[in-house]
Amino acid sequence: MSQRITIDPITRIEGHLRIDVEVENNAVSNAWASCTMWRGIENILKGRDPRDAWLFTQRFCGVCTTVHAMASVRAVEDALKLEVPRNAQYIRNLILIAHALHDHIVHFYQLSALDWVDVMQIPKADPAATAKLAESLSPWTHNSKEEFQAAQSRVKAVAASGQLGIFMNGYWGHPAMHLSPEVNLLAFTHYIQALEYQRKALQVVGILGGKTPHIQNLTVGGVSNAVDLDSASALNMDKLEMIRVLLDEVVQFVDQVYFVDVCAVAAMYPEWFKIGKGVNNYLAVPDLPLDGGNYELPGGYILKGNIAGAHPFKTASDQDFRDGVSEGVAHAYYHGNKPLHPWKGVTDPNFTDWNGDKKYSWVKAPRFNGQAMQVGPLAQVLVGFAQGHPLTVKYATKAIETIDAVGHIQATPAMLESTLGRHGARAIRAAMLGEVAQKHLQLLIDNIAKGDTTVFNQPDFPSHEVEGVGTHEAPRGTLSHWIVIDDAKIKNYQAVVPSTWNASPRDASGARGPYEASLMNTPLARPDEPLEVLRTVHSFDPCMACACHTFDPSGREIARVKVL
Amino acid sequence: MNILIGGIGSVLLGDDGVGPYVARLLEARYVFEDGVEIDDLGTPALDLIDRISGKDAVILIDSINTDVAPGTVVLYRKADIMRQRPAVRMDPHAPALMEAILSAELFGVAPAEVLLVGIKAESFDIGCNLSETVSASLDEVIALVLAELDQFHIEYRLREHPAEVGIWWTRQETPASRVVR
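Residue numbers (the working numbering), protein chains in the order written: chain U, 1180 to 1743; chain B, 3 to 183.
These aren't lab readings, by the way, just hints derived from the structure by calculation.
Each residue gets a CB set at the ideal place from its N, CA and C atoms; glycine is no exception.
Among the hints, erroneous ones may be present.
Chain U is nowhere near these chain B residues, computed Cβ spacing over 12 angstroms in every case [as the list claims (entries may be wrong)]:
(1) V33
(2) F34
(3) D42
(4) S133
(5) Q153
Only part of the chain U face toward chain B is listed, based on derived beta-carbon distances under 8 angstroms [to be verified]:
(6) L1316
(7) T1320
(8) L1374
Just need the whole structure built from these sequences, with the hints factored in.
The structure is reproduced here in structure tokens:
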């Protein structure tokens, strides 16, 4: 007899993720992922000036603003075959790097750490032992006994007040939580410290982008920053120096704290390297363009976990990628009967009630050459590792060695294909981005110093129809915007976002999407407290916030775990 | 005194754009004393922690979904906001006003005052314009924000020449095609 569990943050009206699982013998026997709100926002763009599209796409999601702006200008540039000047490329790269570092730090500390860290064990920790452990792992200067004592007293104060506040909803004392009190305190202390560094990363985005959220410096053909090392109002040496200092601080936090914490926590949950694998087809596009058609970060795809047989993409809009993507609606609330290429994509709603055998999600089912693909840091790392990309190999190896040193669990690259592996891969990717951040800043400074102040190439729209795809390998994975332009107006626009790949419903053949597949066979200690389901879903860093943000003051319960 | 006046909402979803709309109107019509920051925050979810941390007070403007007539303006104070329960985090980027306040409190950087000026929406259908009902409430919303600023003894004055209102999303032509230096 199976049990059905629905996890559905119910009362707010914005689009959000709902997960349904069936449980038999204390393990997941079936799973469905669905999004509860219609994403038809692309329809707003039809008929508009393609040069304006990025302003609107930047509003698709309040958290991932920058990435949708970037993919949009790239889509128009691809359609026009418009080159982007070096300065603009480096400025864009720096924004993307800083945004991704912010996003990864926030994901681990604010959104996922408390899936693994039992806050209520913290009062039992010995701050001196915690400091000793921390000093053995990292040279970070804020790992003193006093720092840990201060963090511990905050938790003690919260626990003593009886008002659990931000911790109200945790599954404390859950049998799947088993860090030592000291590791709990270590990670929690860094959760408090992370706030400062995530803010510094955003400051970099703000200096270059004019403001954040919603950068203002993009334009089709380049950027609108005035570049002049000596002018007070332009992007000058003072501002570039400010960026250098901020990046140094953020990168140090990533290397000495975030990366180490992920490895340390992972080493203590070795069973989670065997859970949550799911779809083992992986997709990533190249990003951070360099001179001469090269990219700092590689892309490609892997089918059925065959890492040795990985296929590289040569460009960010590789022909294989352009041809291979389609979206199906067999199990999504739209009209249509066969998968369509995004340039031919139709977004015509057809809502029915949730029915796991028929239609059950507002997310379409994207496929690459007919296959469900997992996207995100794990795909990025595996695709790079498969190609022997030195930076990927360096940090993947470092992660595996660090996990091994802490846990003595004979860690291997294959273990990355798991729930914890997705966290590990995100830390690996963050460390890689940290290393290239200063390089791209120096490339920008050197290029300006040569006397090049060009930031923009004028777009020129033909009167006939043209098509383009703009991609960005975003923190959550492959993002692609697909545009059809006719006589300088937008004729069609489709965004295939990372969470669409990962939260995909089944396709016409019944093949599950990555969230769904990754949940299969997950053991649940307490079905009414499905912490294990949350761990795996969170490891993908889902983002459905392409939607409304309405405040509901009714005081009702705003999330529900329903066990039937 | 450091005050953030933040408009929250998606400008692509009808009346949900009322927060950003009011933020931009305030910016165009008034000059505020130093320390007052006005921003169109979009839908920041947990990034709100960064924005409210270290402020003395925060006034947010947002659409609401509650049992009153569309266009009704309701003021919520911190205690009202905190009456909710935090959500089980499924989608980690879901709206998070209360979570942001609780986090800021834990980190010891929470604003002493958080106010939310709510406007009951008529429609969240996809589109870039406010409904007539909500549009008719805009002056009331602005008056309420200014009255709260009076309580904080914040100085402000009407601009002699109103600045250009940056509500680009309601126009067919937008400033992206502006001249690039």
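Going down the list of hints, with the structure as the test:
no., hint, in the structure
1, V33, "holds (19 angstroms)"
2, F34, "holds (17 angstroms)"
3, D42, "violated (7 angstroms)"
4, S133, "holds (14 angstroms)"
5, Q153, "holds (21 angstroms)"
6, L1316, "violated (23 angstroms)"
7, T1320, "violated (19 angstroms)"
8, L1374, "holds (6 angstroms)"
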